[in-house]
Amino acid sequence: MRILSEIGSYFLLMYRVFSKPEKSRIYWRQLLLEIEKLGINSLAIVAIISVFMGGIITLQLTYNMSNPLMPSYLIGLGNRDTLILEFSCTVLSLMMAGKVGSNIASEIGSMRVTEQIDSLELMGVNSASFLILPKIVAVVFISPILFILSVFCGIIGGLIAGPLSGVVTVAQYMGGIRTMFVPFYVTFSIIKTLVFGFLIATVPAFQGYNVQGGALEVGKASTRSVVNTSILILFFDLILTQLLFK
Amino acid sequence: MIEIRNIRKSFEGRPILKDISTLFEKGKTNLIIGQSGSGKTVLLKSIVRLLEVDEGEILFDGRDVRKMNFRDLKQLRQEMGMVFQGGALFDSLDVADNVRFPMDMFTTMSSGEKDRHVDFCLDRVNIKGAHRLFPSEISGGMRKRVAIARAIALNPKYLFCDEPNSGLDPVTSILIDNLIKEITVEFDITTLINTHDMNSVMEIGDNILFISNGEKGWEGNNTQVLFTRNRKLNEFVFASPLSKRIRDLKQREDDE
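Protein chains in written order, with this note's numbering: chain A, 1 to 246; chain B, 1 to 256.
Errors might be hidden in some of the hints.
[What the hints assert, rightly or not] Pair by pair, the computed Cβ-Cβ distance ranges are:
{"hint": "1", "chain 1": "A", "residue 1": "Q60", "chain 2": "B", "residue 2": "L93", "range": "45 to 51 Å"}
{"hint": "2", "chain 1": "A", "residue 1": "Q242", "chain 2": "B", "residue 2": "L93", "range": "23 to 29 Å"}
{"hint": "3", "chain 1": "A", "residue 1": "L4", "chain 2": "B", "residue 2": "D72", "range": "29 to 35 Å"}
[To be verified] Here are the simulated lysine to aspartate or glutamate pairs, EDC-like style, with alpha carbons at most 20 Å apart:
{"hint": "4", "chain 1": "A", "residue 1": "K37", "chain 2": "B", "residue 2": "D91"}
{"hint": "5", "chain 1": "B", "residue 1": "K244", "chain 2": "B", "residue 2": "D255"}
{"hint": "6", "chain 1": "B", "residue 1": "K74", "chain 2": "A", "residue 2": "E115"}
{"hint": "7", "chain 1": "B", "residue 1": "K74", "chain 2": "A", "residue 2": "D118"}
{"hint": "8", "chain 1": "B", "residue 1": "K28", "chain 2": "B", "residue 2": "D255"}
{"hint": "9", "chain 1": "B", "residue 1": "K67", "chain 2": "B", "residue 2": "E55"}
{"hint": "10", "chain 1": "A", "residue 1": "K37", "chain 2": "B", "residue 2": "D64"}
{"hint": "11", "chain 1": "A", "residue 1": "K23", "chain 2": "B", "residue 2": "D104"}
{"hint": "12", "chain 1": "B", "residue 1": "K128", "chain 2": "B", "residue 2": "D94"}
{"hint": "13", "chain 1": "A", "residue 1": "K20", "chain 2": "B", "residue 2": "D115"}
{"hint": "14", "chain 1": "A", "residue 1": "K23", "chain 2": "B", "residue 2": "E113"}
{"hint": "15", "chain 1": "B", "residue 1": "K26", "chain 2": "B", "residue 2": "D206"}
{"hint": "16", "chain 1": "A", "residue 1": "K23", "chain 2": "B", "residue 2": "E55"}
{"hint": "17", "chain 1": "A", "residue 1": "K37", "chain 2": "A", "residue 2": "E107"}
{"hint": "18", "chain 1": "B", "residue 1": "K18", "chain 2": "B", "residue 2": "D72"}
{"hint": "19", "chain 1": "A", "residue 1": "K23", "chain 2": "B", "residue 2": "D72"}
{"hint": "20", "chain 1": "A", "residue 1": "K23", "chain 2": "B", "residue 2": "E79"}
{"hint": "21", "chain 1": "B", "residue 1": "K74", "chain 2": "A", "residue 2": "E22"}
{"hint": "22", "chain 1": "A", "residue 1": "K99", "chain 2": "A", "residue 2": "E86"}
Rather than coming from a laboratory, the hints here were simulated on the basis of the structure. Remember, predicted model here, so these are calculated numbers, not experimental data. Backbone N, C-alpha and C define an ideal beta-carbon position, used for all residues, glycine too.
Build the full structure now, drawing on both the sequences and the hints.
Written out as structure tokens, the structure is:
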């Protein structure tokens with residue numbers, strides 16, 4: 001019963017979020033700030049993690065598939081498709097749910113407990129739309145960019161780790177990267193990142209917006225938002241994979 | 001003028017406000033006093049419809065706030081200013097931008113006009129040279145004054161202050177009280193103040209509503225409050241030995 005009530009409250013909040021902004025110029029300013037805070041500031045961590053993961057995937061594939069019957073290009077191909085299909089969209093989104101999601105929940109939660117949201121409402125500002133809409137647009141806009149950056153960095157990571165450890169040559173690796181490329185995989189993953197981006201922004205925003213109490217509750221809401229977003233990301237990953245690959 | 005009629009509010013079946021009716025007059029400082037947990041903040045938030053009451057009428061110059069749709073309520077709220085207990089300044093904006101925020105949202109003033117009005121509002125609350133400081137960089141008293149400046153930025157008809165003196169030293173408290181009183185008279189607005197600060201009661205209590213356990217316990221002004229026979233109010237007002245001594249001295253003076 002409580003879950004149904006929470007789902008209902010979530011959709012009611014979304015209804016308020018997607019109402020017409022009071023002053024579009026202010027919203028644009030907010031949007032640019034959010035893109036910087038939630039997106040640009042995540043570029044470095046995404047790049048670092050992706051480089052390492054690309055290298056690790058390459059090494060794992062090499063050690064686990066070392067068989068004279070297996071063509072050497074499979075290493076590059078496997079790394080590329082793993083990055084495109086799951087790592088750079090799903091795993092990266094799980095990581096973003098932790099970094100960006102907890103940031104959103106704690107920021108909005110703190111504003112709630114310090115009455116800043118009440119203050120906005122009392123001025124006649126639609127606080128839900130003012131605070132949450134720019135975050136949703138920013139995260140949904142930046143997610144595909146982070147995905148592309150992650151794939152690129154992951155491939156570079158494999159290119160560094162593979163030849164350096166001597167398990168694969170640059171030519172073999174790059175041959176694999178160019179082999180049997182399916183453009184739909186990229187479309188599929190971008191669709192997933194857009195859905196995950198929406199979840200990463202809205203679920204923590206919902207948790208933060210409905211905080212009641214003090215600092216302790218803000219912390220709990222932040223943790224709950226990361227857990228809930230992660231579960232929903234995996235759930236929607238399953239659904240989207242089934243729907244789009246059918 | 002704000003009138004409330006037979007207000008009732010409960011949380012999960014527990015009554016918090018029980019049939020409260022009163023009139024808050026224009027151009028006067030109307031104080032709502034009572035112990036912590038008596039329902040003062042719930043009453044104030046119900047009046048501005050941050051909380052929905054279960055029953056009753058809340059009339060802003062005859063306009064029933066409970067019957068308003070979202071658009072009318074939004075319109076009415078632009079006639080209100082509120083000073084929250086902790087100031088509720090936006091952490092991400094500096095002092096000047098906090099005061100400028102309502103103007104950015106709801107006026108078509110030019111940038112220069114906004115700057116001049118920000119200066120006027122901050123001057124009015126005696127803040128100088130702090131325009132570019134952030135809320136975390138200023139004192140509690142300054143934060144309250146900036147909150148007052150923001151509250152008067154759109155020339156409100158109604159000003160609400162939720163415990164404006166909490167956490168402040170006596171000297172700063174008196175400054176804040178006097179400032180609110182001056183603004184009320186100067187702009188001829190209806191001001192409601194939630195407080196349990198007895199200095200405020202004595203200094204600026206033009207109209208006082210005493211709430212006890214969610215009920216209206218007493219109504220009067222700062223002269224009447226000294227000599228009331230209401231037992232609960234006496235227990236609240238003269239809780240400290242010092243205030244009892246002051247009352248006795250005042251009574252002796254009057255008798256002589």
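Verification of the supplied hints:
Evaluation of the 45 to 51 Å hint for Q60 of chain A and L93 of chain B yields a pass: the beta carbon distance comes to about 49 Å. Hint check: Q242 of chain A to L93 of chain B, Cβ distance near 46 Å, so the stated range 23 to 29 Å is violated. In this structure the supplied range 29 to 35 Å holds for L4 of chain A paired with D72 of chain B, their Cβ-Cβ distance being about 32 Å. At roughly 15 Å between alpha-carbon atoms, K37 of chain A and D91 of chain B fall within 20 Å of each other, so this suggested pair holds.
Taking the CA atoms of K244 of chain B and D255 of chain B, the gap is near 16 Å; set against the 20 Å cutoff, the hint holds. Using a Cα cut-off of 20 Å, the hinted pair K74 of chain B and E115 of chain A holds, with the two alpha carbons roughly 18 Å apart. Under the criterion of a C-alpha separation no larger than 20 Å, the hint pairing K74 of chain B with D118 of chain A is consistent with the structure, at around 13 Å. Note on K28 of chain B and D255 of chain B: the hinted pairing is violated, with a Cα-Cα distance of about 30 Å set against a maximum of 20 Å.
A C-alpha spacing of about 12 Å is found between K67 of chain B and E55 of chain B, which places the hinted pair at or below 20 Å, so the restraint holds. Of the pairs offered as hints, the one joining K37 of chain A and D64 of chain B is violated, with about 42 Å between alpha carbons and a cut-off of 20 Å exceeded. With a C-alpha separation of about 8 Å, the suggested pair K23 of chain A and D104 of chain B falls inside the 20 Å cut-off, and the hint holds. Distance check on the hinted pair: K128 of chain B and D94 of chain B sit about 14 Å apart at the alpha-carbon level, within 20 Å; holds.
Taking the CA atoms of K20 of chain A and D115 of chain B, the gap is near 27 Å; set against the 20 Å cutoff, the hint is violated. Annotation: proposed proximity of K23 of chain A to E113 of chain B holds, straight-line Cα distance about 18 Å (limit 20 Å). The suggested pairing of K26 of chain B with D206 of chain B holds, with an alpha-carbon distance near 11 Å, which does not exceed 20 Å. Taking the CA atoms of K23 of chain A and E55 of chain B, the gap is about 35 Å. The hint is violated against a cut of 20 Å.
With a CA separation close to 12 Å, the supplied pair K37 of chain A and E107 of chain A stays within the 20 Å bound. At roughly 27 Å between alpha-carbon atoms, K18 of chain B and D72 of chain B are farther apart than 20 Å, so this suggested pair is violated. At most 20 Å may separate the alpha-carbon atoms for a hinted pair to count; K23 of chain A and D72 of chain B meet this at roughly 18 Å. Restraint check for K23 of chain A and E79 of chain B: the C-alpha separation of about 18 Å stays at or below 20 Å, so the hint holds.
With a CA separation close to 11 Å, the supplied pair K74 of chain B and E22 of chain A stays within the 20 Å bound. The hinted pair formed by K99 of chain A and E86 of chain A meets the criterion: a straight-line CA distance of about 19 Å does not exceed 20 Å.
Of the numbered hints listed earlier, those contradicted by the structure are 2, 8, 10, 13, 16 and 18.
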